[in-house]
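Q: The residues making up each chain are set out below.
4 protein chains.
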Amino acid sequence: MKIKIFTTGGTIDKIYFDQKSTYQVGDPQAKGVLERANVVLEYEVESLLKKDSLDFTAEDRELINSRVEASSFDRVVITHGTDTMAATAKALTNQTDKTIVMTGSMYPAQYRDSDAVFNIGCAVTAAQILPPGVYIVMNGRIFDPHHVVKNVAMNRFEQV
Amino acid sequence: MKIKIFTTGGTIDKIYFDQKSTYQVGDPQAKGVLERANVVLEYEVESLLKKDSLDFTAEDRELINSRVEASSFDRVVITHGTDTMAATAKALTNQTDKTIVMTGSMYPAQYRDSDAVFNIGCAVTAAQILPPGVYIVMNGRIFDPHHVVKNVAMNRFEQV
Amino acid sequence: MKIKIFTTGGTIDKIYFDQKSTYQVGDPQAKGVLERANVVLEYEVESLLKKDSLDFTAEDRELINSRVEASSFDRVVITHGTDTMAATAKALTNQTDKTIVMTGSMYPAQYRDSDAVFNIGCAVTAAQILPPGVYIVMNGRIFDPHHVVKNVAMNRFEQV
Amino acid sequence: MKIKIFTTGGTIDKIYFDQKSTYQVGDPQAKGVLERANVVLEYEVESLLKKDSLDFTAEDRELINSRVEASSFDRVVITHGTDTMAATAKALTNQTDKTIVMTGSMYPAQYRDSDAVFNIGCAVTAAQILPPGVYIVMNGRIFDPHHVVKNVAMNRFEQV
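Protein chains in written order, with my numbering: chain Y, 1 to 160; chain G, 1 to 160; chain A, 1 to 160; chain C, 1 to 160.
Honestly, the hints are just simulated from the structure, not real lab data.
Warning: the hint list may mix true and false statements.
Copies of the same chain are indistinguishable here, so a pair counts whether it falls within one copy or spans any two.
[Unchecked claim] Quick list of in silico lysine to any residue cross-link-like pairs, SDA-like style, CA-CA up to 20 Å:
no. : residue 1 : residue 2
1   : Lys150    : Asp18
2   : Lys50     : Gly133
3   : Lys2      : Glu158
4   : Lys150    : Ser47
5   : Lys2      : Ile15
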């Protein structure tokens with residue numbers, strides 16, 4: 001079984017740039033997470049975007065959609081900013097022949113006690129088991145993109 | 001959906017005791033991992049044993065078996081030492097009405113870059129999706145207990 | 001021997017606020033660092049400011065100066081943003097009866113592999129040994145505030 | 001100013017070997033700690049031994065003594081197991097022309113929240129400032145080897 005991982009930026013990939021006194025999206029973190037976890041799946045990591053998802057345009061979402069569609073992999077994980085993850089997920093539901101699992105994190109992967117590692121583990125596992133469709137995996141649960149909302153105050157995703 | 005997590009010791013729960021100049025199994029790590037990941041599932045963590053799995057006796061495995069069987073939860077995760085995880089898993093296959101997922105880690109959860117957090121994420125996710133049966137989740141993959149072996153030299157589980 | 005630690009904000013105290021998609025100065029990190037290192041000195045930690053040092057006003061620097069002067073402690077550590085640490089240090093050189101050691105970090109204390117813990121160790125040690133005067137301790141070295149500059153591109157302090 | 005760092009093993013250098021289900025002394029950790037802290041001193045790290053200090057023989061201590069004496073560096077840091085650090089330190093007090101600072105840690109450098117990084121920062125700083133002599137730097141304090149004891153129950157060094 002092989003999995004394709006597309007990275008698009010978001011909090012999960014934010015690293016600290018002292019020169020700018022701020023965090024900005026840097027190189028994808030997913031590859032390092034999978035290597036340190038000694039994952040024995042066949043997988044490929046490809047960076048599509050390096051943006052905060054609040055800054056995604058219609059073109060960005062179309063890029064993600066077309067690259068997923070064109071992929072020869074049946075099982076796809078997408079790491080994405082949490083703010084507009086549901087929007088991108090809903091736009092992907094036109095694709096019915098792949099298992100597409102989206103995840104991200106509330107804290108950068110480079111942050112102590114980040115949820116990034118846990119979430120990537122969840123997503124990679126869900127991608128191997130779930131039937132074709134689009135899913136969001138956050139906070140240890142699997143959500144339908146049409147029935148999920150990010151509860152910003154509580155720092156978690158919830159079913160609606 | 002609710003998940004029961006039974007902990008039994010193993011490397012995942014080893015902490016360093018300077019007074020003894022060694023690592024020994026301490027309190028269960030799974031609870032802290034799930035809290036830091038802000039998991040929104042309903043779950044319960046219960047410690048059954050605090051032993052290296054190389055030291056498990058027939059009574060220990062029988063304890064695990066009977067406690068899993070007696071549990072009212074349909075979905076169970078068991079954290080366990082990796083050395084004899086397959087043995088305990090095979091003994092559990094008499095139970096056909098629960099989804100039972102076993103995991104552990106090659107490095108203690110308290111160790112930098114441990115695989116513990118990733119593996120617990122995988123197991124908790126698998127437990128929510130897989131149909132009744134017994135599974136081992138390690139190195140990002142799902143294994144049938146009757147067709148898996150731990151490759152000690154390569155530090156990973158492999159299908160056989 | 002007793003040491004007073006004044007915290008003023010800066011990168012060392014930045015924590016990630018997902019709701020604002022950014023890092024902001026939070027509660028002082030120094031206390032937790034000293035506790036986890038099991039430091040057996042007598043010490044007190046007091047927060048004076050929680051600002052990026054680029055945003056310090058003349059009033060802020062005067063606050064730091066007067067609180068240090070009024071302190072009954074002979075040995076003082078100040079955690080501070082790195083961008084204007086030298087400016088605050090130079091303003092403190094009017095005080096000749098205390099050992100005043102300033103430090104900070106290029107990466108937040110909450111960041112994996114941050115230099116914060118190392119630097120606080122250096123500063124707390126220097127404060128116990130150095131004679132009265134004002135010093136900057138960064139990158140494992142002790143600097144005279146009048147002969148140091150922050151090399152932003154190389155992420156380090158240098159003697160000039 | 002240049003510093004020589006001799007490593008001798010001890011808890012600070014223990015890494016987890018899953019194949020042996022235990023921690024054993026591995027490669028020196030000090031170099032990585034200094035690199036991640038972006039230390040701008042000139043320094044050299046050299047491994048003399050990789051043993052638990054409880055297993056040191058008279059020959060081991062003589063090796064340490066002669067290598068320190070033969071070194072062209074005036075300022076030396078030695079990372080060492082905490083159990084017999086005072087013994088090695090006392091044996092070094094015959095050398096009166098160098099600043100020799102010993103440190104170690106109660107938890108392996110590879111362990112989350114280890115005191116290793118803090119202690120190495122303290123030692124490297126003390127080595128730059130203290131006059132010739134032999135010192136133990138642990139728990140954020142500087143000790144005279146003839147007036148220090150390791151309080152095992154409290155996990156710290158204390159002056160006596």
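Q: If a hint holds in the structure, say so; if it doesn't, say that too.
A: Right, here's what the structure says about each hint:
1. Lys150 to Asp18: Between copies only: 11 Å across chains, 30 Å inside a chain, cut-off 20 Å.
2. Lys50 to Gly133: neither (25 Å within a copy, 41 Å between copies)
3. Lys2 to Glu158: between (29 Å within a copy, 15 Å between copies)
4. Lys150 to Ser47: neither (24 Å within a copy, 33 Å between copies)
5. Lys2 to Ile15: Neither. Shortest intra-copy (28 Å) and inter-copy (32 Å) distances fail the 20 Å Cα cut-off.
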